[in-house]
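Trainee: Residue-level listing of the chains:
2 protein chains.
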Amino acid sequence: MNNFTFHNPTKIIFGKGSIAELSSLLKPYKKILMTYGGGSIKKNGVYEQVLKALSDCTVIEFSGIEANPQYSTCMKAVRIAKDENVDFILSVGGGSVLDATKFIAAAVKWPGEEPWDFIRDSLELRDALPLGCVLTLPATGSESNPNAVISRAETGEKLAVIDDHVFPRFSILDPETTYTLPERQIANGIVDTFVHVMEQYITYPVNAPLQDRFAESILITLIEEGPKAMEQPRDYNTRANLMWAATLALNTLLSRGVPGDWSTHQIGHELTALYDIDHARTLAIFLPAVLKHQKKAKSAKLVQYGRRVWGLSGEDEDKLADEAIAKTVDFFQSLGVPVSLSDVDLTPADVTNIAKAHKKRGSALGEHKNIGAEEIEEIVQLAA
Amino acid sequence: MNNFTFHNPTKIIFGKGSIAELSSLLKPYKKILMTYGGGSIKKNGVYEQVLKALSDCTVIEFSGIEANPQYSTCMKAVRIAKDENVDFILSVGGGSVLDATKFIAAAVKWPGEEPWDFIRDSLELRDALPLGCVLTLPATGSESNPNAVISRAETGEKLAVIDDHVFPRFSILDPETTYTLPERQIANGIVDTFVHVMEQYITYPVNAPLQDRFAESILITLIEEGPKAMEQPRDYNTRANLMWAATLALNTLLSRGVPGDWSTHQIGHELTALYDIDHARTLAIFLPAVLKHQKKAKSAKLVQYGRRVWGLSGEDEDKLADEAIAKTVDFFQSLGVPVSLSDVDLTPADVTNIAKAHKKRGSALGEHKNIGAEEIEEIVQLAA
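Chains Y and L are the protein sequences, given in the same order. So for the first sequence, the numbering used here puts the first residue at 1; every next one is plus one. So for the second sequence, the numbering used here puts the first residue at 1001; every next one is plus one.
Quick caveat, the hints were computed from the structure, so don't treat them as lab data. A few of these clues could be false.
Claimed, not checked - The calculated DSS-like cross-link candidates involving lysine-lysine, where the alpha carbons are at most 27 Å apart (straight line), are:
#1 K1327/L - K1043/L
#2 K1016/L - K1082/L
#3 K1030/L - K1109/L
#4 K1356/L - K1296/L
#5 K76/Y - K43/Y
#6 K1109/L - K27/Y
#7 K1295/L - K1228/L
#8 K1011/L - K109/Y
#9 K52/Y - K42/Y
#10 K1027/L - K1052/L
#11 K1109/L - K369/Y
#12 K31/Y - K42/Y
#13 K1369/L - K16/Y
#14 K1016/L - K1109/L
#15 K1082/L - K11/Y
#16 K1228/L - K1296/L
#17 K43/Y - K31/Y
#18 K319/Y - K360/Y
#19 K1327/L - K1228/L
#20 K1109/L - K11/Y
#21 K109/Y - K1027/L
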């Protein structure tokens, strides 16, 4: 096992009716900036529940945060937060709203002229406004981690900030808020969660059996609960199990002491930047290709995954690895997500910019740092 | 799944060489009270490593904290902490030293005359001195939870304080510090960890499959790594895996959203109070008896445990439950711990005080609150 530090200070309040806890959680703050997206929270009752819980607070609303949140949108909120002198930001929505909120919280306190600097150059933050969230879409794990991914249309960049200052102080997870999600978003959330786990698990063994089994626990839960969620959107326990799985998949626990391979996310981000394809769908397209390309290096873990998660048997390890990848593809397809470029009407020729963008950006990807521009081109071909 | 709150602010620094991190972790503090036990840390090099890392701090030492730490011992440290005006307490040792340290940290800030009041009457704390730990014995999970168990010889009490104020600010876990532990303490630690998981897992199903699988992950890890640790005390990864398993077994994660049954611990505490038997050994004696007594109520979970953790097969659920309990007993015996009262030269007649003490103390035990004094007597008979 590798050395590690684990520190996750976010308080999770989980369960039906938990939005009412907001009033006591926000008691110490005077002026709240409430951030949200396109207004779906006004249709499903979440908006009313939040405002009711905040009836004793001064609340300023900032809406219109898009999926794959844009730097320009965030900067509008930064100006409002500064002008209004807010002392807390409350995100109400999914991972995009929360990622934007984290960036806004950091940018408000950033001493430089241009907050994009700290994300582009991975500069350490000194401070951020305190923030919390009411989560309405289980997927990104943003509710319990220090990560935010922000896009910048004018440069075609999609980059991550990872800094302990932007851990939410609290996150409220009420599974009932997810009942009204469109099927596509539920499927995306399951895929996103699944791939988060795979990227912390399918690398090479470092004798960390508990981390492995926790990863397998989440994968099996997604495989069992995912189809139920698609069929019975209002089954509370199914929604609760998916929501808790999504949080634990990326709350920094699984990755402690083990290597990680975030190449699927990094290649996928480029596809979203180019063609605005749903984040999770880019993962479903590229994960199988990455696994095929890195099959030899990931062989031991692919075999273990095939046996323990998919119940495969046999001794031919190459065949087991192939079958495990095929099972993964089948699972994604059963959720109705695309698993190849052709599924989204693209060809490898359409996405040559992915390798180019990577070349410009630099360092090689993967747990062995062996995925450079050339390998990305090969992976793109495998994703055809 | 039940509603829950999850909040664990302790920072874990894990791995070989991590004691050196103390100097930066303690930079904000002026005067440190360093607590430890009987001096084993002076034999295994931990004492020197700690003092070296603290060379820039003012350190006051308080040694002699015993297993099942005593109120009277803690109160001596409280006086020193107050007289010396220390602003941080550093526990160096196992769960007993750390539990004592938590109690001391709370007692220093307790406004009343008699700090025993808050433990006896489960009063809420308002404050505690900040504390941290260097852990040398994986077992209790105290390094990452808000619990402390303190004994009071003159009244025969052994009681727990559970309060967020006593979460360690940080815990340093270096598996190499466990190389020199006596075999008996390693075995005890494995049993303690195993029983912690069982008490959060073997209750009744509430449709929380991820919590179940996380529990099973830890149990399987203990079954696989435990015997290796006994045979190869200096195998780093084995020790690391046990240490991380012990932390995750009782860091408040497994119990979120599910019922718990702490009757084995509560009955075991009485046995320690009466005959000073190692805490973990009391658990190995009473867990099988509790499971036998509650077999019907716990049937679904016992069957699942037998199948998933022990690989049992067959359809006869009563037989599966019996076999699962037998496997548990075999595992404890393989570690050389006693599994019955007769193994520690006692008879049920010797421990009639357990049921009496419970009767005096009050409320019924178990996830169904159906284990009263009479049932405890039956459990004691089953543990004969």
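Trainee: For each hint, tell me whether it holds in the structure or not.
Mentor: Outcome of the hint check:
1. K1327/L - K1043/L: violated (37 Å)
2. K1016/L - K1082/L: Status violated; Cα separation ~34 Å.
3. K1030/L - K1109/L: The hint holds at about 18 Å.
4. K1356/L - K1296/L: holds (26 Å)
5. K76/Y - K43/Y: holds (25 Å)
6. K1109/L - K27/Y: holds (25 Å)
7. K1295/L - K1228/L: violated (31 Å)
8. K1011/L - K109/Y: holds (25 Å)
9. K52/Y - K42/Y: holds (13 Å)
10. K1027/L - K1052/L: Status holds; Cα separation ~14 Å.
11. K1109/L - K369/Y: violated (51 Å)
12. K31/Y - K42/Y: The given pair, whose Cα atoms are some 21 Å apart, holds under the 27 Å limit.
13. K1369/L - K16/Y: Holds - the C-alpha atoms of K16/Y and K1369/L are around 25 Å apart, at most 27 Å.
14. K1016/L - K1109/L: violated (34 Å)
15. K1082/L - K11/Y: At roughly 32 Å apart (the allowed maximum being 27 Å), K11/Y and K1082/L break the hint.
16. K1228/L - K1296/L: Not OK: K1228/L and K1296/L at ~34 Å, beyond 27 Å, violated.
17. K43/Y - K31/Y: holds (25 Å)
18. K319/Y - K360/Y: Violated, at roughly 37 Å.
19. K1327/L - K1228/L: holds (18 Å)
20. K1109/L - K11/Y: The hint holds at about 25 Å.
21. K109/Y - K1027/L: Holds - the C-alpha atoms of K1027/L and K109/Y are around 25 Å apart, at most 27 Å.
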